[in-house]
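Chemist: Can you make the complete structure from the sequences, with help from the hints?
Chains as they are written, first to last, in the numbering used here: chain W, 1 to 235; chain Y, 1 to 235; chain A, 1 to 235.
Simulated from the structure, these hints should not be mistaken for laboratory data. All the pointers check out, no bait thrown in.
Heads up, the list lumps identical chains together, so a pair's fine if it works in one copy or across two of them.
Straight-line C-alpha distance at most 35 angstroms; calculated DSBU-like pairs for lysine-lysine:
#1 42 / 206
#2 226 / 207
#3 67 / 172
#4 67 / 207
#5 42 / 207
#6 42 / 172
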Amino acid sequence: MTNNIFSPGLTEYVGVAAGHTIGMVIANPDPAVRMLLEIPDKYPSIAILTSRVGAAAQAFAIDEAAKSAQADLLRFELPRDTEGYSGHGNLFVLGCPDISDARRLVELALARIDENAERIYINEVGHMEMHYTAHAGVILHQLFDAPLQRGFGFICAGPAGISIVAADAAMKAAPVEVCWYGTASYRLSMTNEVIVGITGDYSAVKKAVDTAYQTASTLMETFGSKPESILYFNG
Amino acid sequence: MTNNIFSPGLTEYVGVAAGHTIGMVIANPDPAVRMLLEIPDKYPSIAILTSRVGAAAQAFAIDEAAKSAQADLLRFELPRDTEGYSGHGNLFVLGCPDISDARRLVELALARIDENAERIYINEVGHMEMHYTAHAGVILHQLFDAPLQRGFGFICAGPAGISIVAADAAMKAAPVEVCWYGTASYRLSMTNEVIVGITGDYSAVKKAVDTAYQTASTLMETFGSKPESILYFNG
Amino acid sequence: MTNNIFSPGLTEYVGVAAGHTIGMVIANPDPAVRMLLEIPDKYPSIAILTSRVGAAAQAFAIDEAAKSAQADLLRFELPRDTEGYSGHGNLFVLGCPDISDARRLVELALARIDENAERIYINEVGHMEMHYTAHAGVILHQLFDAPLQRGFGFICAGPAGISIVAADAAMKAAPVEVCWYGTASYRLSMTNEVIVGITGDYSAVKKAVDTAYQTASTLMETFGSKPESILYFNG
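Modeler: In structure tokens, the structure reads:
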């Protein structure tokens, strides 16, 4: 699931990354596409990142990328996907001042997705995403109400109930606050997950997410093998 | 998919059951978890059951368990899941007066889920759940408007159209009434199913559900082998 | 995934077709089924087509069939399905003046679905449906706002972002107009797709859809092999 060599000879194509993510750009979207995606005229170019597996790995990566490349998030979709698992895929559309910004945004994000995807774990039955950052940027703020420039953590596991027990352990382990959450029918897309976004000092956020990871991993192991990163899983 | 021996050494873990179900308890949920799940203070402890496969097998099991253990259903989610099939998974959160009630509820439910899952059938393409009880309890009443203490039957198959023909045959076979139904976009979670809940005298309900089973099974067989219980299927 | 020989001995069964489609009829739906599906009394019989894979292949087929058999579309559902892929399944319920019309509608549609499914393509990761017709009929008009008797094209690919780039290329390739579109959370069922319906002169529609096909196919190939029809794919 890492970048491959294949280049399709389309100017729109930038690259692929883990989680079956593909990154693309459009220099001048057709007026009809601009209208249906509601892209304001002030963005001549758009960047597109879309994956079958994962939501937060990509969101955290784009958040980092947007610190170095000029891009505003215009559209975010969380389809029900994760291929055989019970979570999300994603679609991000970002508006950029020119095509080189769009391309740079996508390149930076793809590289980072390959790193972040190490923290998407699966086993025979369950999946989880456990991420944290010391400094949430504008994208994480926009998507998950993460306070800007503070520590932000993302706790997510499926089947859904495992995530509740993991989040409970996390909240008890460190002084963090919940800033966002979703369940199948609340904010999520009928996925078999619970997602909890937490904020606080970086060390507290890290400790909380690590506790959530340990708890969810232990519970998932009752269904099969110890969960491993999607980068290495051979189920 | 039956209970395994593995014990993860977490006090929250109770056990696993068919349908990739895991049962857990939390003695004193963290205030943040309590708030985000909207758990009233009068419940010191919670029971959690969550599965990737099945909805009714678990609902019927919890309904029975709640006749012997004190527990109120606080939250029910029907995510789009069933792993490779086109139905639901589930998440149940129940409030309990103390942790021993919570644990007992989960233990009783898990044992019953292993029995009920015999009536979740699959073949290469389709799935169905066909359940009935002589005496619907409070959980089935709460979830599916089943009249209390009366016979209640659950008819569900996917792809969705098969369930319509099965329900039609069921209604013609015995004097029962529809008390609940759902389709992909109505009450369900974009699953490829139709669900019909029926009520009546036990013998009529049983005859209707058996007819639905025969009809759906016969129709599903046009796609492959005769559907078998998920407990035994080796498709 | 083509019609098989097996006949289940149920009068309701008509046949199966590609995309794990099954076609059925009910001569006189039970009053309860009639009520829950909201079938007006003026339709004594109903036709049912339901699939795990595909939406447009079936919609285009039923649109053609309804030109030769009397049938009104009463219900259309787009569940999240496509088995391992990130698109839709479907459920169509049509009202007919008698059972022979219902049966004829289903027979015509099934034969056509086997043809149309050639234009559902998959590879290891992605899927797409690319269809066009010279003369949209009442069903395509009802479902996708296709102007009657004009050329209509259907562009759909997943993961979702690929479809945006494909639609952009299509709109730039030929003078067509968008008459319908959907994304995961807008009109679709949390599928990882974008769907764009276009209208115009037949030659323009065909050129636009062929361009979308080439673009999406090229982008999908970065994830694995060249996409092939579900009729032939052996991924």
